[in-house]
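Asks: Below, each chain spelled out in residue letters.
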Amino acid sequence: MVLSSEPSTEGLKALYERLVQTLGDSSDGRDRTAVDEALARVQGCLDATLRQGGLPRDLRERFSFSVWLPRILQAADDAGVDDEPGRSNLARSLGERLIKLHTLADLMGEEEDLPDLRDHLVFAYVEAKSEWQQLNGIVNYGMARGRAPSAETLARAVLVSTIIADLDDLFGTENIDVLTDYLFAPLPNAHELTLRRHAFSPA
Amino acid sequence: MSFVSFDLLDNLGDADRPVADAQEYGVVKVDDAGVILMYNKYESELAGIDSRFAEGRNFFTQVAPCTNNRLFFGRFKDGIAKGALDAQFKYTFTYKMRPTPVDVRLYRDGGSATNWVFVKKAA
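For the protein sequence lines, the chains are A and B, in the order given. Mind the numbering: the first sequence is residues 1243 to 1445 in the working numbering, read in order. Mind the numbering: the second sequence is residues 423 to 545 in the working numbering, read in order.
One thing to keep in mind: the hints can contain errors.
[What the hints assert, rightly or not] Cβ-to-Cβ under 10 Å is the rule here; a few derived chain A residues that face chain B:
#	residue
1	A1317
2	S1403
3	T1422
Please keep in mind that the hints were generated in silico from the structure rather than gathered at the bench. Heads up, the beta-carbon is just placed ideally off N, CA and C, and yes, glycines get one too.
Take the sequences, apply the hints, and build the full model.
Replies: If you want it as structure tokens, here you go:
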């Protein structure tokens, strides 16, 4: 479905160009350098953390099913997922995430793969946080509308947030704050990011 | 019936950390943007977040991202914009903790121009 207010690609481009003109001289090269320096610093910190953690072995252990099975069962008990199909669904949905992280760690185990592994961990973080936001919406809007969330939804929300907590350990506070800030309002932030890139691009 | 004591509500301008820590519910003081100025002991234990980590961060976006929606943060922003905020509702926390139903009260104290988030585990 296309929203009626959604601008076309050309329309967006024109919009950005107008906005860049409006920004005018406030976006000079020094800002771009500062952004690059800050990015290089936080990426360097993350890479160092990943190396110190002994990735990819650490990643495989951290997200192994043997580590996660007790957590899954605990979350199911806490939320009241008593039936076997519900517990199996929970294990399967979490298992898919764990397998994905394992496979990435297996495939990107060389030093030169580190930038790609880092990016994929960011994808996994954004994916987990986005899913948790949706589950949180189902839980709390459901309550507000008099439709109590299912036990499985509650357990899944808790488990996805536990994956986020494990990834938090890898990323460090500064990176987490930046990603959290971005996900606070992804659409406006994505537009602003694109706008800034246009503003910083050499003519 | 609110879980927040009338005594506390009447004296929010003087509510310092010992007073906040003495309450049997979460007491979080935030500025108009939601940045945490004070995070009491109950809330710290409920969320598993150290007060020193929480204070200085945004409650709605950084510390309790489950509140980043129209139901919670939206009510806060509306109240701040109007200069009057007193909303009580039920909520469920699921972020890095077992599912925890809570009662919430968002409150702006006109006299001291301070904003408060009160949280208590539902009975």
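Asks: Work down the list of hints and note, for each, if the structure agrees.
Replies: Hint-by-hint comparison with the structure:
1. A1317: holds (7 Å)
2. S1403: holds (5 Å)
3. T1422: holds (6 Å)
The structure shown violates none of the earlier numbered hints.
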